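Peer 1: This is what each chain is made of:
Number of protein chains: 2
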Amino acid sequence: MNYQQMAEQAKAVRTTIATASTNTKNAALLAIRDAMAGSRSQILKANQKDLETGRNNGLDEALLDRLELNDARIDAMIEGVEQIVALPDPVGEVSRMTRRPSGIEVGLMRQPLGVIGIIYESRPNVTIDAAALCLKSGNACVLRGGSEAFYSNQAIARCIADGLASVGLPEACVQVAPTADREFVGAMIGGDHPMCDVIIPRGGKGLIERISKDATVPVIKHLDGNCHVYVDAESDQQQALQILENAKTHRYGVCNAAESFLIHEALIKTLLPALEAVLKPYAVEVRGCERVCAILPSVSRATEDDWYEEYLGPVVAIKVVSSLDEAIEHINHYGSHHTDAILSTNYGTVRQFMRAVDSSSVIANASTRFADGFEYGLGAEIGISTDRIHARGPVGLEGLTNQKWIVFGEGQVRA
Amino acid sequence: MNYQQMAEQAKAVRTTIATASTNTKNAALLAIRDAMAGSRSQILKANQKDLETGRNNGLDEALLDRLELNDARIDAMIEGVEQIVALPDPVGEVSRMTRRPSGIEVGLMRQPLGVIGIIYESRPNVTIDAAALCLKSGNACVLRGGSEAFYSNQAIARCIADGLASVGLPEACVQVAPTADREFVGAMIGGDHPMCDVIIPRGGKGLIERISKDATVPVIKHLDGNCHVYVDAESDQQQALQILENAKTHRYGVCNAAESFLIHEALIKTLLPALEAVLKPYAVEVRGCERVCAILPSVSRATEDDWYEEYLGPVVAIKVVSSLDEAIEHINHYGSHHTDAILSTNYGTVRQFMRAVDSSSVIANASTRFADGFEYGLGAEIGISTDRIHARGPVGLEGLTNQKWIVFGEGQVRA
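Residue numbers (the working numbering), protein chains in the order written: chain A, 3 to 417; chain B, 3 to 417.
Keep in mind the hints are simulated off the structure, nothing from the lab.
Given the structure is predicted, the values throughout are model-derived calculations rather than measurements.
One or more hints might be untrue.
[Unchecked claim] Here are the computed distance ranges between Cβ atoms for each label pair: (1) B/R75 x A/G109: 31 to 37 Å; (2) B/E211 x A/G255: 27 to 33 Å; (3) B/F376 x A/A74: 56 to 62 Å; (4) B/F376 x A/V256: 45 to 51 Å; (5) B/E173 x A/N25: 55 to 61 Å; (6) B/E236 x A/G109: 33 to 39 Å; (7) A/G109 x B/K51: 43 to 49 Å; (8) B/R75 x A/R101: 28 to 34 Å.
[What the hints assert, rightly or not] Pairs of lysine-lysine residues, derived as PhoX-like cross-links and limited to a Cα-Cα distance of at most 25 Å, are as follows: (9) B/K13 x A/K13; (10) B/K207 x A/K13; (11) B/K51 x A/K215.
For each residue, glycine too, the CB sits at the ideal point set by N, CA and C.
Build the full structure now, drawing on both the sequences and the hints.
Peer 2: Encoded structure:
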């Protein structure tokens, strides 16, 4: 099948999946789960083939680990599908219905986006997660995983197709790239008739920048996570130390880990040495502004680039600020509009921070690590958006929908 | 001032205007109104200069008419500003606040998009309308009107700057292109540091396609308005004739005018001749499918292209369909996802149409002409979006905002 046919098939099933009842979609998900459970050995065999190819091609151990499937990981994929079955269906929600002077009634109805293209890297579990989220939200999808996971993804694709067919839904509701060819990505995101209505790239910054640059359809994406914690003059210092420790050291490689701390100048003599002691066991490297270095002599000076940096590792930049406004200005200027937190006991200070910080998550008195679809109650997330339009922050089922206007009349015409 | 400085200025005032109180923003709008009222003669003089240049450059009469300002048009601009003052401020609305198992409280807060770039054509009134909508919704903006309206726009820009300054808001909240240079558009929408966070192009399809192609920031846009009215087998034929007449002939050049009628086959012998009689006084040209031509011999055959066409004139394409499903399929395939209507007295038929038609406005038993920000109660609109993400349909103040997640804790860390 060529790409043009795949594009036509995706568009042809858009209405079918968009109008499928929640019961039908859930039945399809459970059938897919059963097909996965019944195909364990085929999935593991396909995965072995990918792993061997990967080893022969010299993939590093971290990549091979992400690529590897085993019984526990297949169980986790199955459990993920069950969790999505349990989530409420966002499609069809009607809101803001009002009667207008002309007598028409106007409101908004939530509905799927259309054909969603998801482009991702080595983890094969994304294939089933993404398919389940798109299905539940009434979207058709085209999935293109990493070439290193090609056979694993094909095996999972067969389970999805079997599940869909068993409840009478068209298999084209979920199309998995039948080739590891790079050209396929081009057909998904651009050209005269892009296969997809919306693209969600998941992976490293390089992938996301490349996709965003080339796509002619809208892209829902997450770039940097340069997250800040600001410790206000009026704050509980013990609590602050716990939150700073958690935000920086709980996991280094995640987008909601803190990369910079902003410390109010009133606290520098007490908080900075205590913070140094807290970070010491983790061997976190501190890069500080001039005032930090004056208090902590072993700290190296941060450069201008440090304030922009997403370290994704055991490094933190610390800056002393002399006011709330300076903290807000720093965050809005150097930050990546992902997740930023304030630690303060002052009512007005917290309110001003929440209003003024222009990030997809703004947090008072808790760790930045809470910026997550599960912690927010979305049940599952397809990613985190740092875009300014459409969904911001963790994107769950609702982020895969839009709202159309619906109008009910009794024969009204415009005068 | 160079473009880079303008970009920095826009970003520098983002937080100020985003956090300005509704009272301050309304005071600025009223001061701008007063400045407009006090500068009538200067605005009219600047407009005369544009009109003379336009005549010398051989602009056609329609364009000159759009360009021309007079006392009545200045009154209308002033009234438009007052209407925006009267609208509720969308910024700061908090919704869906829930307490999560971890004890954090999570919700959504509505806030401005950032720096909005608006690129438009000859009408100078867009300068003040767009500025007022962006200000009220807490956004900074960069406005670039048509080169033919350059002096008119500069005169209006001075009123806006005076109004902002008089209430202590930075003039850079609204920046009007200081040059008619095309390069300026490039600096707004792309390059290494685009001036704007989001672009809204308003104008002809050529302009919008060009902007969308070149922009590296998100574009909120409206392309075609190929709107349909489907007349179901079960429908009130007198009412249908009135709505079809209104949807096609009320105004031809607007995006929510109907371009195609889909008629259920049960009605063709009665409705088609009656419809021909209704359209006759308007000299609307009918292009029909084979079955329409069989009933109405004077009608010419529609080609495949006709089903895609937005005529924006006294032409209509009519197709006979044998079922609701065929109508839905036709609309979702050939339509532009703008506005589509069903005329039916059957409960289930209407419900299915509302669910399945993937358009920014889906209307039952009223004219497509109602798809409009004022008719929907938005109070004002900056445009109509036919995109699939962010706002769909008429975009008012709320469409110029997004929602960020806000989290309140009492020292929580991730376990």
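Peer 1: Below or equal to 25 Å on CA atoms is what counts here, so check B/K207 against A/K13.
Peer 2: At roughly 24 Å apart (the allowed maximum being 25 Å), A/K13 and B/K207 satisfy the hint.
Peer 1: Kindly confirm whether 56 to 62 Å is satisfied by the beta carbon distance between B/F376 and A/A74.
Peer 2: holds (58 Å)
Peer 1: Is it true that A/G109 and B/K51 lie within 43 to 49 Å of each other by Cβ?
Peer 2: holds (47 Å)
Peer 1: 31 to 37 Å was suggested as the range; check whether the CB atoms of B/R75 and A/G109 agree with it.
Peer 2: holds (34 Å)
Peer 1: Taking the Cβ atom of B/F376 and the Cβ atom of A/V256, is their distance within the range 45 to 51 Å?
Peer 2: holds (46 Å)
Peer 1: When you take the CB atoms of B/E211 and A/G255, is the distance between them in 27 to 33 Å?
Peer 2: 41 Å Cβ-Cβ, so the 27 to 33 Å window is violated.
Peer 1: Please work out if B/K51 and A/K215 have their alpha carbons no farther apart than 25 Å.
Peer 2: Distance ~41 Å between B/K51 and A/K215 Cα, so the pair is violated.
Peer 1: Does the hinted range 33 to 39 Å hold for B/E236 and A/G109 at CB?
Peer 2: For A/G109 against B/E236, whose Cβ atoms are near 24 Å apart, the range 33 to 39 Å is violated.
Peer 1: Against the range 55 to 61 Å, how does the distance between the Cβ atoms of B/E173 and A/N25 compare: consistent or not?
Peer 2: With Cβ atoms ~58 Å apart, the hint holds.
Peer 1: Kindly confirm whether 28 to 34 Å is satisfied by the beta carbon distance between B/R75 and A/R101.
Peer 2: holds (33 Å)
Peer 1: B/K13 and A/K13: Cα distance at most 25 Å?
Peer 2: The given pair, whose Cα atoms are some 40 Å apart, is violated under the 25 Å limit.
Of the numbered hints given earlier, the model fails hints 2, 6, 9 and 11; all others are met.
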